[in-house]
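Undergrad: Note that the protein sequences, when read in sequence, are chains F and C. 818 is the number of the first residue of the first sequence in this note's numbering; add one for each residue after it. 818 is the number of the first residue of the second sequence in this note's numbering; add one for each residue after it.
Among these hints, one or two may not hold up.
If chains are identical, the list can't say which one is meant, so a pair holds when it fits in one copy or spans any two.
Stated by the list, open to error - Quick list of in silico lysine-lysine cross-link-like pairs, DSSO-like style, CA-CA up to 30 Å: (1) K860 <-> K996; (2) K1032 <-> K1099; (3) K819 <-> K1066; (4) K1066 <-> K1032; (5) K1066 <-> K996; (6) K1117 <-> K1129; (7) K1066 <-> K1112; (8) K996 <-> K1062; (9) K1066 <-> K873; (10) K1109 <-> K1066; (11) K1032 <-> K1117; (12) K1099 <-> K1109; (13) K1032 <-> K1129; (14) K860 <-> K894; (15) K1015 <-> K1062.
Keep in mind that the hints were calculated from the coordinates and are not lab data.
There are 2 protein chains.
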Amino acid sequence: MKKVVVVGGGVLGTQIGLIAAYWGNDVTFWLRSEGSIGRTEPKIKRYSALMLEDLKKAKALIGNPMGAYLYPHGMIKDWASITPEKIDELIAQGEANLTNNVHISLDMAAVIPGADIIVESMSENVEAKKAVYEKMRDLIDEHTILVTNSSTLLPSMFEKYTGCPERYLAMHFANTIWKNNTAEIMGHPGTSEEAYNKIVEFAGEIGMVPLCLHKEQPGYILNSMLVPFLNAAQALWANEVADPKTIDKTWEIGTSAPAGPFKILDIVGLETAYNINLMNPKTKEEGSVNYKIDKLLKEKIDKGETGVNAGKGFYDYKK
Amino acid sequence: MKKVVVVGGGVLGTQIGLIAAYWGNDVTFWLRSEGSIGRTEPKIKRYSALMLEDLKKAKALIGNPMGAYLYPHGMIKDWASITPEKIDELIAQGEANLTNNVHISLDMAAVIPGADIIVESMSENVEAKKAVYEKMRDLIDEHTILVTNSSTLLPSMFEKYTGCPERYLAMHFANTIWKNNTAEIMGHPGTSEEAYNKIVEFAGEIGMVPLCLHKEQPGYILNSMLVPFLNAAQALWANEVADPKTIDKTWEIGTSAPAGPFKILDIVGLETAYNINLMNPKTKEEGSVNYKIDKLLKEKIDKGETGVNAGKGFYDYKK
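Work out the full structure: start from the sequences and follow the hints.
TA: Here you go:
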């Protein structure tokens, strides 16, 4: 049982803390203010309930040939030998762990010392991240490993503020972590092999598939492929070559994938797609395809059609 | 029952002719020489056998929740209401059609007049295509529609040689057409709406999902997305960020797809991937990522590790 501190109680921070608690670690969310507690507590309740619900549903998947695709991969380690009894045990243990192993604190000086692993999962704000690293640095134990869940920023940008550069690296999770159980693990040039390997091991302990990067790479592995792929799909749409549903159908039949690019965009959220497109300098050039993508996405966002969470994006998700 | 002429008896030409014959059309392969007949006849035998084999296997898929994914989509039109008896009927009819409806001819003047649809499926050689269009042009009936299956060349490059520009367009199929049943349909600016719509209809008649492009687009829909996607994946490999299996695993877990980019490359074949990379002007720049990809692919090709068909590519397929 490791002592894990999660810095930040956003969507992903909450999910990271909960999956660590589920697998028996002692987890404390460090939050900045009473206001943060008010926002994080409902998330903890909601995601704990969703996780346990998916675990209960997994019982009905035993023996179903699709079961191996549909069970919550981050919550069950050995599907091949699963039984209803084993799932009952996981449910009982999970309910206990998600209750007893989850704490919230506003007191940094009380929670950082003694932590085995600190997971920084704040929003993508460079200055805010620097500030929190500098606030923590003198409290971090010599054995503690500090990881960041940043999606877009590189560990080399922050290592000098941490006080423990050799024990600092990135571990990047996907949303709905208990189902999409990837942990992309990426050091900066000064990260020690020991710290890297310990995080690979920890990722496995908390039900993740560790995906090892040997170099710093903006976007890690997944987004390095998703971004050009989604851009190409959006270009076909913006250039009026074909409509989103035809483009999806083509990809789905052509590669046997369950979701084409516009279904993925609906899951990612159109605001995120919009922000990613904005990072491309060509988006400013009037008449460029990225300029056209910008306009089309903006139109949909203005109508509130931002994807699955909004009930409508490129597809309709209302019941 | 339409009279279909397939010009060229390569891998895809053969498959196009056979699926059209299977669905009851009268199909003639026009070939250039006795030598071509010697190469095409075994392909006709082999693909006919494979198609009927997959149809027979489909009986065991009825009632299997994975069945809807695995049945040969181009050979069965209404899976939802399928029964073993209906498959037996399709087998009997298919065996008859694949025998009785398939002809080979060296005599262009005998087969082109009276054709309802001519499918040009020659190799990607601009001069050879021009030559065959010019040879056919005075033989083509006024009602005939001429389609090209070219993957990389655009109909606007050839329309003026056809003698029937308003009835000329592209219909692009995928390999193993009886399973991967897409037909990307793309006109040039002078293609008539009537001819376009007739080909959309014909695609449906022969078990394909018609995918409509509203503009000429090099690479159609699928390759317009596959090329940048596969390039991004190969860049991660060439830059030593991660190894092919890790990259595949990341994509497969992250998007729930059955095959990551390197599995797709093994299916596409590494020679094709090599040729596509060569088309990128950056490949000539020493030290560029495409230069590195070129070297790595060349190494594997030299070792004979060219993909699924060779028994080894990024993965091992030997039994």
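Undergrad: All the hints need checking, so say for each whether the structure fits it.
TA: We went through each hint and held it up to the structure:
1. In this homomeric assembly, K860 and K996 come within 30 Å of each other (Cα to Cα) only inside a single copy, at 17 Å, whereas the closest approach across copies is 45 Å.
2. Taking identical chains as interchangeable, the C-alpha atoms of K1032 and K1099 lie at most 30 Å apart whether they share a chain (27 Å) or sit on different chains (23 Å).
3. Proximity of K819 and K1066 under a CA criterion of 30 Å is satisfied inter-copy only: 28 Å between copies versus 46 Å inside one chain copy.
4. In this homomeric assembly, K1066 and K1032 come within 30 Å of each other (Cα to Cα) only across copies, at 18 Å, whereas the closest approach inside a single copy is 35 Å.
5. For the identical chains of this complex, K1066 and K996 are neighbours both inside a copy (25 Å) and across copies (15 Å), given an alpha-carbon limit of 30 Å.
6. For the identical chains of this complex, K1117 and K1129 are intra-copy neighbours only, at 10 Å inside a copy versus 46 Å across copies, given an alpha-carbon limit of 30 Å.
7. For the homomeric pair K1066 and K1112, the shortest alpha-carbon distance inside one copy (24 Å) is at most 30 Å, but the shortest distance between copies (34 Å) is not.
8. For a Cα distance limit of 30 Å, the shortest separation of K996 from K1062 qualifies both inside one copy, at 26 Å, and across copies, at 21 Å.
9. Taking CA atoms no more than 30 Å apart as the test, K1066 paired with K873 passes between copies only; the shortest distance there is 26 Å, against 33 Å inside one copy.
10. Taking the shortest Cα distances, K1109 and K1066 sit within 30 Å of each other inside one copy (22 Å), while across copies they are farther apart (33 Å).
11. In this assembly of identical chains, K1032 and K1117 lie within 30 Å of each other by CA distance solely across copies; the values are 23 Å between and 37 Å within a copy.
12. In this assembly of identical chains, K1099 and K1109 lie within 30 Å of each other by CA distance both inside one copy and across copies; the values are 10 Å within and 26 Å between.
13. In this assembly of identical chains, K1032 and K1129 lie within 30 Å of each other by CA distance solely across copies; the values are 28 Å between and 38 Å within a copy.
14. In this assembly of identical chains, K860 and K894 lie within 30 Å of each other by CA distance solely inside one copy; the values are 25 Å within and 46 Å between copies.
15. Within a single copy, K1015 and K1062 get their C-alpha atoms only as close as 44 Å, which misses the 30 Å cut-off; across copies the closest is 22 Å, which meets it.
Checked against the numbered hints listed earlier, the structure breaks none of them; every hint is satisfied.
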